[in-house]
Amino acid sequence: MSALAFELPHAQEATAPPEARGLERDAVRLMVAERASGRIEHALFRDLPRFLRPGDVLVVNTSATLPAALPAGEGLTVHVATQAPRMPGDRWWIVELRGGHPAPGERVAVGGGAHFEFAAPYAGGTRLWLARFEGDTDLPGHLARHGHPIRYSYVGEPWPLADYQTAFALTPGSAEMPSAARPFTPALIARLVAHGVLFAPLLLHTGVSSPERHEPPYPERYAVPETTASLVNHARERGGRVIAVGTTAVRALESAAGPGGTVTAADGWTGLVVTPERGLYAVDGLITGWHEPQASHLQLLEAAAGDELLRRSYAEALAAGYLWHEFGDSHLVLP
Amino acid sequence: MPTAIITGASRGLGLALARALDERGWRLVLDARGAGALEAAASELTNAVALPGDVTDPRHRGALVALAGPQIDLLVNNASILGPSPQPELAAYPLDVLEQVYRVNTLAPLALTQLALPHVPDGGVILNITSDAGIEAYDGWGGYGSSKAAFEQWTAILGVERPNLRVYAVDPGDMRTQMHQEAFPDDDISDRPLPQESVPALLALLDGDLHSGRYRAHDLKPVAA
Chain A
125 MSALAFELPH AQEATAPPEA RGLERDAVRL MVAERASGRI EHALFRDLPR
175 FLRPGDVLVV NTSATLPAAL PAGEGLTVHV ATQAPRMPGD RWWIVELRGG
225 HPAPGERVAV GGGAHFEFAA PYAGGTRLWL ARFEGDTDLP GHLARHGHPI
275 RYSYVGEPWP LADYQTAFAL TPGSAEMPSA ARPFTPALIA RLVAHGVLFA
325 PLLLHTGVSS PERHEPPYPE RYAVPETTAS LVNHARERGG RVIAVGTTAV
375 RALESAAGPG GTVTAADGWT GLVVTPERGL YAVDGLITGW HEPQASHLQL
425 LEAAAGDELL RRSYAEALAA GYLWHEFGDS HLVLP
Chain B
9 MPTAIITGAS RGLGLALARA LDERGWRLVL DARGAGALEA AASELTNAVA
59 LPGDVTDPRH RGALVALAGP QIDLLVNNAS ILGPSPQPEL AAYPLDVLEQ
109 VYRVNTLAPL ALTQLALPHV PDGGVILNIT SDAGIEAYDG WGGYGSSKAA
159 FEQWTAILGV ERPNLRVYAV DPGDMRTQMH QEAFPDDDIS DRPLPQESVP
209 ALLALLDGDL HSGRYRAHDL KPVAA
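Chains as they are written, first to last, in the numbering used here: chain A, 125 to 459; chain B, 9 to 233.
Wrong hints could be hidden among the right ones.
[To be verified] Computed from the model, here is a short list of chain A residues facing chain B with C-beta under 10 Å:
{"id": "1", "residue": "P212"}
{"id": "2", "residue": "L254"}
{"id": "3", "residue": "A347"}
{"id": "4", "residue": "P349"}
No wet-lab data here; the hints were simulated from the structure.
The beta carbon of each residue, even a glycine, is placed where N, CA and C say it ideally should be.
Please construct the entire structure, taking both the sequences and the accompanying hints into account.
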């Protein structure tokens, strides 16, 4: 995948929600890339019903975005990725200190008399640390009062948390918005339902992506309900296509799928890394945004689209002025 | 409830031993490099704390010992790396890689042991997983083998310096593990025993009263119940 290296021109970074550019959420652009024919088509996201068939299943992530960034004074911000798995008690979190380099035992105040005590780098990485939260409330309560959505430098100004929620957001827990579903509006969902497209919910709480580094994805909390497993299995048996909305939905569904493609209910943490070598068991296609060069997500995309179609998609997206990142344009990969 | 730290616990012998101790009701603090594999390993255990990280990082080692709490009854230094696969001859062994092999296989376990020692009670066990490559001169095994030789020698000396503890180096024998496959990249290793077959011998060592020293799993018999 190293060959899919590119310079992302600044003009192609979405610096604000499309609404701020006078567009509705579903008016972002949609590139449709079909693997069987090799064809690439340019459309708008609201044209989605045209590319899906009755009996296709859209697998959607119901995780809601947390206000996961905590100002920590003196140019420092703590980004809370996730509760640390397999730690004693509920005070251990995996966090990133933006703007500084912590040392073991260092305490960083995060408002309201609360602080994080940094313990050790997490998983041998350079940016994520294991840290213990101490405060009057638990961390979710503290975030609700003091946190704001994680925002990277390409987004020029802060936006309200509501701009970071998708139409499917139900259970708070994601450090960053599962943004592939952001362009779905209630009206578009209704049109898809009327068209015969099925929806299957699952949950995966995203960690932090921090686009300037390239580390393997860490374990994330996920749940695939029995009803979703049954619906996906049923649709596959009937020839319906399983289209994951977002790389998070791919990771969750594939974590619950066997090599034969059968999905069973699951609940836990997933460390799955989807690569072209592993391939996809249950997912036939996906809707996603445009990803950073060399991001590990590109491996997952290659598993879905194949190397050649993925390269052409990215080349066309760059040439045609598609917008990147969580407020940007979309990419539908069909089998 | 006794507490053990096990490094390299996400697969192979480390995971097999973790499962066995978990069944016996031990509290476990587990380490491995890969966060995903370690989480998956810990998820099947009842009382395991798991911290992914790099044993050569002093900050990581400090956190492992802190998570273990005031008493560490058993430290299993199991994490190690083979080095390049296939392994180069010594005449062409890249020295920067050799340094890394020594850091992981020889120095990191000593550093973790140093941190743990104040918490290990009388009769507590340091269990260092070694290999016959640490004592035999196998063609191509100069890097890994010499790292294990030094590992074994400090194990032996620590046993003399700390007569109140049981300090063991154990050769588990050939096992069907990822490392063994790396050592023999072109071989079908499916005839080698699975790592869990070496576990009863390790448990026998734990349960027994053998003096500090070097043992082969093959020679150790489980203690009769």
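The hints, checked one at a time:
no. : hint : result
1   : P212 : holds (6 Å)
2   : L254 : holds (6 Å)
3   : A347 : violated (14 Å)
4   : P349 : violated (19 Å)
The structure is inconsistent with the numbered hints 3 and 4, although it conforms to all the rest.
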